[in-house]
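Sequences and hints are given; from them, build the entire structure.
Chain order of the listed sequences is A and B.
For the first sequence, position 2 (counting from the first letter as 1) is numbered 2 according to my numbering, and the numbering increases by one without interruption.
For the second sequence, position 306 (counting from the first letter as 1) is numbered 306 according to my numbering, and the numbering increases by one without interruption.
To be clear, the hints were calculated from the coordinates, so they are not data collected in a lab.
Among these hints, one or two may not hold up.
No copy is singled out in the list; a pair is fine if it fits within one copy or between any two copies.
Unchecked claim - Calculated lysine-lysine pairs in the DSSO-like style (CA-CA distance at most 30 Å, straight line):
1. K94 x K354
2. K39 x K130
3. K39 x K518
4. K270 x K476
5. K459 x K283
6. K119 x K98
7. K130 x K283
8. K518 x K459
9. K476 x K39
10. K39 x K436
11. K478 x K35
12. K187 x K94
13. K35 x K459
14. K98 x K436
15. K35 x K518
16. K39 x K478
17. K518 x K436
18. K459 x K39
There are 2 protein chains.
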Amino acid sequence: MTVPPTNGNAVLPQAIDLSHHLNSLSRARQPSPLKFLFKYAAIPNLLSFAGGVPHPSYFPFHDTTISAYPFTADPSSFPSNPTEGDLLPLLLPKYGSKGNDLATALQYGASTGHPTLVKWAREFTQEIFKPAYGDWEILLNDGNTDAWSKIVRLLLEPGDTLLTEEYTFPSAQAAWIPLGVTAVPIKMDEHGLRADHLSKTLAEWETTRPGVRRPKLLYIIPVGSNPTGSTMPAHRRQEIYDLAVEYDIIIAEDDPYTFLQFPQYTVGDKTAVVPQSGEDFKKSLVPSFLNLDTQGRVIRLDTFSKTIGPGFRVGYFVANPLFTERLLRSTEVDSQAPSGWSQAILASLLTTWKNSGYLHWLSNLRDQYTLRRNHLIDSLASSFDLRPAGSTAIPNAEGLVAFLEGSEIPVFSFVPPTGGMFLWLKFYLTESPNFKSFSAEEDPEQAFMTHLFEELATKATILLVPGAYYSPWQGKDKTTTAARGEELGVGYFRVAYSMATNEEMEEGVRRFEIVIRKEWEL
Amino acid sequence: MTVPPTNGNAVLPQAIDLSHHLNSLSRARQPSPLKFLFKYAAIPNLLSFAGGVPHPSYFPFHDTTISAYPFTADPSSFPSNPTEGDLLPLLLPKYGSKGNDLATALQYGASTGHPTLVKWAREFTQEIFKPAYGDWEILLNDGNTDAWSKIVRLLLEPGDTLLTEEYTFPSAQAAWIPLGVTAVPIKMDEHGLRADHLSKTLAEWETTRPGVRRPKLLYIIPVGSNPTGSTMPAHRRQEIYDLAVEYDIIIAEDDPYTFLQFPQYTVGDKTAVVPQSGEDFKKSLVPSFLNLDTQGRVIRLDTFSKTIGPGFRVGYFVANPLFTERLLRSTEVDSQAPSGWSQAILASLLTTWKNSGYLHWLSNLRDQYTLRRNHLIDSLASSFDLRPAGSTAIPNAEGLVAFLEGSEIPVFSFVPPTGGMFLWLKFYLTESPNFKSFSAEEDPEQAFMTHLFEELATKATILLVPGAYYSPWQGKDKTTTAARGEELGVGYFRVAYSMATNEEMEEGVRRFEIVIRKEWEL
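Have a look at this one:
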């Protein structure tokens, strides 16, 4: 395993000065004066009466063993009555033991994070993502929600604009909307955010938005986009990174689904997925924006939520040292550090599995979600006539278009997702006779989609997420489909395939078809 | 156990409308639109394709047993080779088990917190603190640092003033200083913050601070104050609460040391501490501000950091429902929820111990810290001549004054702490011949105390915390002892007795005495 280059590395460039991106809050943060005391910790024979911390001998826990599975375990069928060899016991020894004992984990810990876990994250980032500059740092956080909130507090000022994907995660929006920040959504296609539209938006900024501050931050979920499921290929990333350099933009790469990248879906392909070696798995991944980042303008957000468990509430930033230092100051006064239990268990699991084992686990896990994606689309194919978009005359259609069987009425289309947990269905409303009855509404598209959502939830008893939730907030004058300049006559639902069983998918699609026929058939 | 009154309770008053205290950020927060979907969850036979969450069957953990100790275990001597009866195994069963299984804990959880833990906190708060209004709520957070940071984001606007104790916790300050908020410190005595000075400060506000916005928030650590160690008795709390009502002030009661309340220290008293029954232990506690709060203007911060372990990163707010709702909106977009491991382990431990057991544990733990306090003061008594302040002629002295043995030179005084982890030493500098050599400095007190700190750290190799760290930030024009209007000719150190062994305390005091003699003797 390669140790990442340090500050002194002459091969890779160092991060450029990006301090002008810090907002006034993050500039004003000071280190705690108590940190000043740390430099005395090395004095030989020192007796410290400084730390106001509970004595770790009083934590009421003995040697504890966490029962994990080895990385070779099949995530789709863990043994229900495991024998000794089926399990991987992770020992967290009691206070007074050598090494990373439980009492250390349960004490106040460094806000930089559990040293073993930080070291793991450094080495893993170097092995998998290979940043293109030398002095990047790792800083642990409480998962990507916490991380994004910290980035908002690091960079955005009230009234700023923010570049987002055309459709983006509502919970991420909830962090910046209350600041009075508005989104500038950039159009997407099957490869994610469109570089041509980003370029046009930035080039024409002063003429289309006179007097509005230029955006300095792009928020993006480039693998298994939430909600669209798209994964951005390398060439598109390079185009976007080049624009970020040209227009001095920071890229926040929120990448929880990075290890859930699937092969293309083929209609009717019943080939089982084949586990890959760690090396082949690595090669199957699109490069992170980090891998293009020669200047340190990418803040990458990694998390264990989709790969080990969201309840850990542990993730990490990979960013330039200026940003991680300011984020550390913020961490010291809010989350302080992730849970000691979470950190100790993760550190033990990952160092025991080793990187090759973790990659093996990820490869198996990715296959599980690939099969889920396949089964949901296969189920749709059994109720609808799915045709390649190119074979139809529908404008802007990508991927597959679903027609009612035995008719020429297109109902919806979708791009089979190449990552993540979601199918993003685009509905063609103009062919629905019922849609016309909403034409007098202020926002006919949204009114009809709300109606359709209600029909699906209460009549078919299947719950999808209305697509309107993913339209970025652009301010109070842009709350309708037309006002936002979005395509008219269409609407969206997000369909998650991560939780339903195969049988539930089949049954759900059958129920879905009944409502759709009612709404679309004359 | 009494179930707390609900909104419909006619016996206790409901919280009054305090919505004018919310800042613009917290007012602007919106619930996530995804929450809207929750109301459909009760539809019979519903198939949900809404949640974008990993499948819990893939979390790589089997039935796991956490090895805790029973509440009867002596925290000063846990068995090193325990037999079965010495341990309390807490089972966290794997995915698919009935009840609170591990897979539920490791999934995304409600931001309100683990239901069992929330229920425990409600019942425990009612049993111990007995709020004086009816519709209070519990909201979990990631510990008091996180909690205080969330209160700052809930209530304070840039440029606001904040009421604090005369000496307060630097890490709490680090949350509000970058906002441009300045402190208005209120004088303290051996009972903590002085109501008479609070009253005077508020009554004379417009004349002493013309044009400055009135403070609306008081931050206070009323038990085992950090740094002074003082604990505020009930009558003082009532006076302060009445002022809060009169001047419409919110009280943030940061109370990590609430279960570490000690009996008075008596010089030379070698009586061993005696464990109390749960009922006697409860009676020994001063009432929380909650117990006086008929209007819902107290936000109480409770944590497990000092009683179970800081590494859990779990605490909880007790507050009026308006504030907990706004804090929940904030929680959803940052910490999201405490670690599932931490919550599940705490929930299991506390419900297994039961409240009576937890009180037993707390009583034992309190005794350990009482013995530590006693030993540190006993050690000081063996090197210095400790006299009751009243028997000396020193102005403003409280508690005990330490004279160099065989001399009439008073060096420092302290009030034996009645809670927490700290001794707060007040040094009389004017008797030190060396102090005079600093008289030309901008801030002679701070310059001498920094010198003394360095001497102690590098010559005596004992580390204390300089008292200046605890002076609240009042702005750039008040950075010296004189400019802040603090008492001249004195200085402070905070001494923690939570970590050192008895032998280290004795050795530390011997080393301390050598430096003090050098600095104070002619």
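How the hints compare with the structure:
no.: 1; hint: K94 x K354; in the structure: both (24 Å within a copy, 23 Å between copies)
no.: 2; hint: K39 x K130; in the structure: neither (33 Å within a copy, 45 Å between copies)
no.: 3; hint: K39 x K518; in the structure: between (73 Å within a copy, 25 Å between copies)
no.: 4; hint: K270 x K476; in the structure: neither (48 Å within a copy, 71 Å between copies)
no.: 5; hint: K459 x K283; in the structure: neither (46 Å within a copy, 58 Å between copies)
no.: 6; hint: K119 x K98; in the structure: within (19 Å within a copy, 37 Å between copies)
no.: 7; hint: K130 x K283; in the structure: within (13 Å within a copy, 61 Å between copies)
no.: 8; hint: K518 x K459; in the structure: within (11 Å within a copy, 87 Å between copies)
no.: 9; hint: K476 x K39; in the structure: between (52 Å within a copy, 26 Å between copies)
no.: 10; hint: K39 x K436; in the structure: between (72 Å within a copy, 29 Å between copies)
no.: 11; hint: K478 x K35; in the structure: between (47 Å within a copy, 22 Å between copies)
no.: 12; hint: K187 x K94; in the structure: neither (54 Å within a copy, 43 Å between copies)
no.: 13; hint: K35 x K459; in the structure: between (60 Å within a copy, 21 Å between copies)
no.: 14; hint: K98 x K436; in the structure: neither (73 Å within a copy, 49 Å between copies)
no.: 15; hint: K35 x K518; in the structure: between (67 Å within a copy, 28 Å between copies)
no.: 16; hint: K39 x K478; in the structure: between (54 Å within a copy, 27 Å between copies)
no.: 17; hint: K518 x K436; in the structure: within (14 Å within a copy, 93 Å between copies)
no.: 18; hint: K459 x K39; in the structure: between (67 Å within a copy, 15 Å between copies)
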